[in-house]
Each structure stands twice: as structure tokens, then as C-alpha cells.
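Model the full assembly from the supplied sequences, consistent with the hints where possible.
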Amino acid sequence: MSLRFAILHHTGIADPHFDLLFETHPGSDLATWRSPVWPIESPTAATRLKDHRRAYLDYEGEVSRRRGYVERVAGGTCEVEVGQDAVWTVRLITGVPGTTLVLRRVGEGWEINLSS
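In terms of the working numbering, the sequence shown opens at residue 9 and continues consecutively.
Bear in mind the hints are in silico, worked out from the structure with no lab data behind them. One or more of the hints may lead you astray.
Claimed, not checked - Okay, the calculated beta carbon distance ranges per label pair:
no.	residue 1	residue 2	range
1	Ala22	Arg99	26 to 36 angstroms
2	Ser123	Glu70	29 to 39 angstroms
3	Thr102	Glu68	12 to 22 angstroms
As the list claims (entries may be wrong) - In silico SDA-like cross-links for lysine to any residue, where the CA-CA straight-line distance does not exceed 25 angstroms:
no.	residue 1	residue 2
4	Lys58	Glu68
5	Lys58	Ile48
6	Lys58	Gly20
7	Lys58	Gly115
8	Lys58	Pro47
9	Lys58	Gly35
10	Lys58	Arg80
11	Lys58	Ser72
12	Lys58	Ala82
13	Lys58	Tyr77
We treat Cβ as the ideally placed atom computed from N, Cα and C, and that holds for glycine.
Structural data, given as C-alpha cells:
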């Protein structure tokens, strides 16, 4: 089943980063990770954030309470599989076709890598 995703570049703050947001089922809030880089080219440390509102699938602009700005750098449809041991596999179908991300819990944090 195809779901939606967005990759947002969050700037205008002390620690600029990219937010990776994915639906987990149609109409769901967005599972969200913070990454220091995009695109992912090698194993990258990431931070799991609280789920975000669906509005961020299409939103670009100022974030409330002077928390910077977001610009959409990618988006489209994806497939999400949550496996055992907190491993997420996200296949980007449109927007960045041919990309499969693997998000894995590592200790207290997360790591994003490309599927081999």
C-alpha cells in the first residue's frame, strides 16, 4: 500500500537539519526522524522525534514560535515496513525513486542507511 512521505530542510535555527516524515498507514500522523544530511549516502546517526502533524506533508514556510523555516526537498509516495528489533524499511516510490532507507535502533539512538 502506498503511503506519503516528505523530506524537509529545517533552517533558521542553531542546528539546521533534515526532517524525514513518513505515514505509517493512510491518514496517520507522520513518523519522524531528524538527520544531519540528505540524501543519505552512508550510515548516518538520526534522532527519532515525536510524530508530526500531516500538514507537514505539504507545508513549507515559517515554523511557529520562531523555530525556523522548513523547505520541502523531496516528497512523494512510499511503502513502510516495521520489522522486528525496531528496524524500519522505507521504499521511496516517487519523489526519490529507487531509494530504500533502513532505519535501525542503535543503542539509545537511530541510524539511517541505504538498503543494499
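Verification of the supplied hints:
1. Ala22 x Arg99: 26 to 36 angstroms: holds, 33 angstroms
2. Ser123 x Glu70: 29 to 39 angstroms: The hint (29 to 39 angstroms, Cβ to Cβ) holds, given that Ser123 and Glu70 are roughly 35 angstroms apart.
3. Thr102 x Glu68: 12 to 22 angstroms: holds, 18 angstroms
4. Lys58 x Glu68: Holds, at about 19 angstroms.
5. Lys58 x Ile48: holds, 21 angstroms
6. Lys58 x Gly20: OK: Lys58 and Gly20 at ~21 angstroms, within 25 angstroms.
7. Lys58 x Gly115: holds, 18 angstroms
8. Lys58 x Pro47: At roughly 22 angstroms apart (the allowed maximum being 25 angstroms), Pro47 and Lys58 satisfy the hint.
9. Lys58 x Gly35: Answer holds: Lys58 to Gly35 is near 16 angstroms, not above 25 angstroms.
10. Lys58 x Arg80: holds, 19 angstroms
11. Lys58 x Ser72: The hint holds at about 16 angstroms.
12. Lys58 x Ala82: Holds, because 20 angstroms separates the two Cα atoms, which is no more than 25 angstroms.
13. Lys58 x Tyr77: holds, 18 angstroms
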